[in-house]
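Chain residues, written in single-letter form:
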Amino acid sequence: MVSRIGTAGVALVFAAGLWLVAAPFALGYQRAGAGWTGATRTDVIAGALLAVAGFAGIFAVIAGRVSELYANARPAASLAARCTGRADGRNTGS
Amino acid sequence: MTRYLSGLCVAGLGLCGGGWLVVAAVAFGGLDGGDAASANLATGAGLIVTGCVTAVAWAMAWRRRMRADGVLGERFATVSRRQARRNRRELTRDVRRAARSAKQSAREARRRARRFPRLADGGHAESGLSGGGLGEPRGWIGGGRAGYAPHGPARAGQGQAGPSTTEVLVELRTLRALLTPLLEAAGGEPASPPLPQRRPGQERPGIPRQRGEQAERGEQGEQAERGERGERAERAVGGAAGQAGGPIAGEGDVPRLADSEETWW
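Here the protein sequences line up with chains W and Y, keeping their order.
Counting from 1 along the first sequence, just add 276 to a position and that's the residue number in my numbering.
Counting from 1 along the second sequence, just add 23 to a position and that's the residue number in my numbering.
Keep in mind that a hint or two might mislead.
As the list claims (entries may be wrong) - Selected chain Y positions facing chain W (Cβ under 7 Å, derived; list incomplete): (1) GLY30; (2) ALA62; (3) ALA65; (4) THR73; (5) THR77; (6) ALA84.
None of these hints come from the bench; they were simulated from the model.
For clarity, every value in this text was computed on a predicted model and none was experimentally measured.
Built from N, CA and C at the ideal position, the CB exists for glycine as well.
Take these sequences, add in the hints, and give me the full structure.
Dropping the structure here:
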C-alpha cells in the first residue's frame, strides 16, 4: 500500500511536469508565435525537469520491482527444480 | 533498494520544483500576475504536498522492508514516565540488594577465614592427617552449609559425626601392629605391651624404660621380666594380626588399648 502511494506520487510528479510544460499554452498566457515570456520559460524548464525526473522515477520504480520479483523467483525456481528432481528420482528408483 | 532510493530522489526533486514554482510566482510574477502566477502557485503547492507525501511513503516502505530483512531492529515499546520511574526504582533496589548480599557473603568468608586459618592457608594438605586430625571433629566446619563440605558430604543443618573411640582405637592398633616389628628389629627392645587394667587405688605402672631400670636390680627379676615382656609382645602382635578383619578385638581389649595409649605418646 505504501509503495503504491509512493509510485502514485512519482507519477504525479511526472504529470505535474507535463502540466507545467503545457500550462502556458493551455491557459493562454503565452501567445502562439510570440516570444516566450519569463513565466513561460520558467514553467517549461521546471516542467521539463520534473517530467524527466518523474519518468526516470517511474522507470526506476518499475525496474526495481521487476528485479525484486526476479530475485524472489530464483530461489523458488531452484527449490521447485530440486523437488522435481527428487520426485523424478523416486519415480525412477521405484 | 533501487526503487526506494529513486522514489525518494523524485520526491525530493518534486519538493524542490514546487518550491521553485512558488518562489517564482511570488518573486517574478507577483500575486496579481494573472493566470501564470496562479497556475504556478497552485502547481507549486500541489508539487510540495505531493513531494512530501511521496517522500514519507517511500521512507516508510523502505524502513518496513529493512525491518523485514533484519537490517533494522524491532522498535522498543514506548513506556510511560510513571512506568519508567517504577522500572528505575526496581532496578536500583535490585542492585542494592545484590550489593548487600555480596558484602554479607564477603564478610562471612572473611570471618570463616579468620576462624579457620588452616583452611585459608591451605595447610590442611600438609598436616598429613586425613580430615581434621584425630582430635578435630570431621564435617563440622561450615555448619552443614550447601556446597561447603571439606570432609565429605554433610547433611544440611548438622555436621558429620566425629570419629568414635572405636575408630581411634582401631587406628592405634593398626599402627602398633605395623610398628612393633620395626622397633624390635631396630633396638632389640620390643614395643611396650599393653598395660594391665588398673583398679581404683592401684599404683600406676611405670613406662617400659623405668621398668627396664627396675629390672636391673636382680637376676631373677630380670629373667622373669624378659619372659613376661616377650610373652606380652607376642600376644600383642598376634592379637593385632589375627583380629584385623573385625573392627575391634574384643570387649576386654578396648580398655587395655586405651590404657596403653599413653605409653605410645
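Each hint tested on the structure:
{"no.": "1", "hint": "GLY30", "result": "holds, 5 Å"}
{"no.": "2", "hint": "ALA62", "result": "holds, 5 Å"}
{"no.": "3", "hint": "ALA65", "result": "violated, 10 Å"}
{"no.": "4", "hint": "THR73", "result": "holds, 5 Å"}
{"no.": "5", "hint": "THR77", "result": "holds, 3 Å"}
{"no.": "6", "hint": "ALA84", "result": "holds, 4 Å"}
Checked against the numbered hints above, the structure violates only hint 3.
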